[in-house]
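Enquirer: Residue numbers (this note's numbering), protein chains in the order written: chain A, 1 to 282; chain B, 1 to 282.
There may be inaccurate statements among the hints.
Chain copies aren't distinguished; within one or between two, either way the pair holds.
Said to hold, decoys possible - In the EDC-like style, the derived pairs of lysine to aspartate or glutamate whose C-alpha atoms are separated by at most 20 angstroms in a straight line are:
no.: 1; residue 1: 272; residue 2: 179
no.: 2; residue 1: 170; residue 2: 225
no.: 3; residue 1: 272; residue 2: 117
no.: 4; residue 1: 272; residue 2: 110
no.: 5; residue 1: 170; residue 2: 226
no.: 6; residue 1: 144; residue 2: 113
Quick caveat, the hints were computed from the structure, so don't treat them as lab data.
There are 2 protein chains.
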Amino acid sequence: MAGAARDRRARALHLLNHRLRRTGPRALQPPDHPAPPGRSHRTTRLRRTAPRVRRGRGRPGMIWPMTDVTGLSIGILGGTGDQGKGLARRFALAGHPVIIGSRNAQRAQEAAESIGEGATGAENAEVAARADIVIVAVPWDGHKELLESLREPLAGKIVVDCVNPLGFDKQGPFPLPVEEGSAAQQAAAVLPGSRVVGAFHHVSAVLLLDPAVEKVDLDVLVLGDDREATDLVQALAERIPGIRGVYGGRLRNAHQVEAFTANLIAINRRYKAHAGLRITDI
Amino acid sequence: MAGAARDRRARALHLLNHRLRRTGPRALQPPDHPAPPGRSHRTTRLRRTAPRVRRGRGRPGMIWPMTDVTGLSIGILGGTGDQGKGLARRFALAGHPVIIGSRNAQRAQEAAESIGEGATGAENAEVAARADIVIVAVPWDGHKELLESLREPLAGKIVVDCVNPLGFDKQGPFPLPVEEGSAAQQAAAVLPGSRVVGAFHHVSAVLLLDPAVEKVDLDVLVLGDDREATDLVQALAERIPGIRGVYGGRLRNAHQVEAFTANLIAINRRYKAHAGLRITDI
Chain A
1 MAGAARDRRA RALHLLNHRL RRTGPRALQP PDHPAPPGRS HRTTRLRRTA
51 PRVRRGRGRP GMIWPMTDVT GLSIGILGGT GDQGKGLARR FALAGHPVII
101 GSRNAQRAQE AAESIGEGAT GAENAEVAAR ADIVIVAVPW DGHKELLESL
151 REPLAGKIVV DCVNPLGFDK QGPFPLPVEE GSAAQQAAAV LPGSRVVGAF
201 HHVSAVLLLD PAVEKVDLDV LVLGDDREAT DLVQALAERI PGIRGVYGGR
251 LRNAHQVEAF TANLIAINRR YKAHAGLRIT DI
Chain B
1 MAGAARDRRA RALHLLNHRL RRTGPRALQP PDHPAPPGRS HRTTRLRRTA
51 PRVRRGRGRP GMIWPMTDVT GLSIGILGGT GDQGKGLARR FALAGHPVII
101 GSRNAQRAQE AAESIGEGAT GAENAEVAAR ADIVIVAVPW DGHKELLESL
151 REPLAGKIVV DCVNPLGFDK QGPFPLPVEE GSAAQQAAAV LPGSRVVGAF
201 HHVSAVLLLD PAVEKVDLDV LVLGDDREAT DLVQALAERI PGIRGVYGGR
251 LRNAHQVEAF TANLIAINRR YKAHAGLRIT DI
């Protein structure tokens, strides 16, 4: 990516986050400062590229705008687990600066080294503070407490929750009840100053980590109430070859997407597969 | 289908249902009567055809046995609604005797006439008594009461619940809480003598009813704790061109499949589509 483009994007993101911190995620407009010379305020929001025609996938000839996420840094809380490490690896391969988070900086650095591709490691709090976009890939047990402890550094940021609250017994996996409705809704409740999105629930860690797998064949369902944030996370998902980012509904409909991971595990067991979803007719 | 094959299947199903009524769904073996001359007891259960190789779909070269459901009669409770009528139409086109059920026999007959293809109509109770397989496509409101009233005629039968307990408000669709966990689990609780399976939750009524749509492009997830019943319903789903029947987990994992219909509706609104699911890697 050209340096100028990176600077422009970094500035846009900085301004966006700055305004979010001051005004909250729902109060982006109107701005309370003059536009920079020669530019409208629109360009200080996350930049959209010109609409592009999707080929090969989606409805033939369908056109929709894609958010450009090139170069955004991605922090992964719980990045030492398989899911987090798998996502870290794919985003690093796609050219994103990736920061792996863990309670233990040493373990985070070891995970980063095992990934290579320029990934770095740090404690969760530092990752939350430094990254442009933060992915939450921690175990369900401890999810709430960790996010509560990171409320301040995560304020104003897009936080992508991909946690599946599941239990296992001898009959296999089943969804756990969640007081807030879902892990993503719990994150939103705990992080009122962040822009919480649910995504990446169904991506197989095995496939993400397998060097022989070039393309991951599934749709990532992206859930949230903030259109700009879900658009951005859809575009982010598409940085992984084979994945399509699909809007999947509001945050209040996140539970069944998280819980559906139990069905995919049951399907994997029955068919000896790494099952994922594709949405048809779009 | 040849008359002999139909007779054989009818006899197998009769025996199966007869034993189920006497012994309950979990006690099929061992039989307490001698096998017919020249036949083992195995053949009195639902017949399986020889394994066939699936082509074009599924894992290349994957082989699994398919239950033969040709000629089974299908009753559809609530068959005057769009979903029920759509399924009725496709099963009738596939050559199944279809009986549309309604509280009102007159309305059921009118719906059957609008479908043609030999479909007939009757009151729900008569449909429950006459059909080999009974599909429950009634509105969620009244689901429990209707099934309670049909406990006797449905005993021993495979009952396929495709009801989605959803609410709607100005933000769109959302899943309703269900005391038993899901509509399918409620059916199982109300019908202890039946073999309850959840399926057909995501099939678009619009596509099922559209004469211009030759193939319906999606996987039908089939949920249940009774392998023979889920195998049969998977095979039944595949009588509709384009549809693949996929085992989707136990009945306790039915809630999220039902609730996911809310996400599909949200996707339909966003993308102006009739979205469905495909499971990848199987």
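Enquirer: Could you run down the list of hints and mark each one as holding or not?
Expert: Hint by hint, here is what the structure shows:
1. 272 - 179: neither (33 angstroms within a copy, 33 angstroms between copies)
2. 170 - 225: between (37 angstroms within a copy, 14 angstroms between copies)
3. 272 - 117: neither (31 angstroms within a copy, 39 angstroms between copies)
4. 272 - 110: Classified as neither: same-chain Cα gap 31 angstroms, cross-chain 46 angstroms, threshold 20 angstroms.
5. 170 - 226: between (39 angstroms within a copy, 16 angstroms between copies)
6. 144 - 113: Answer is neither; intra-copy 28 angstroms and inter-copy 57 angstroms both fail.
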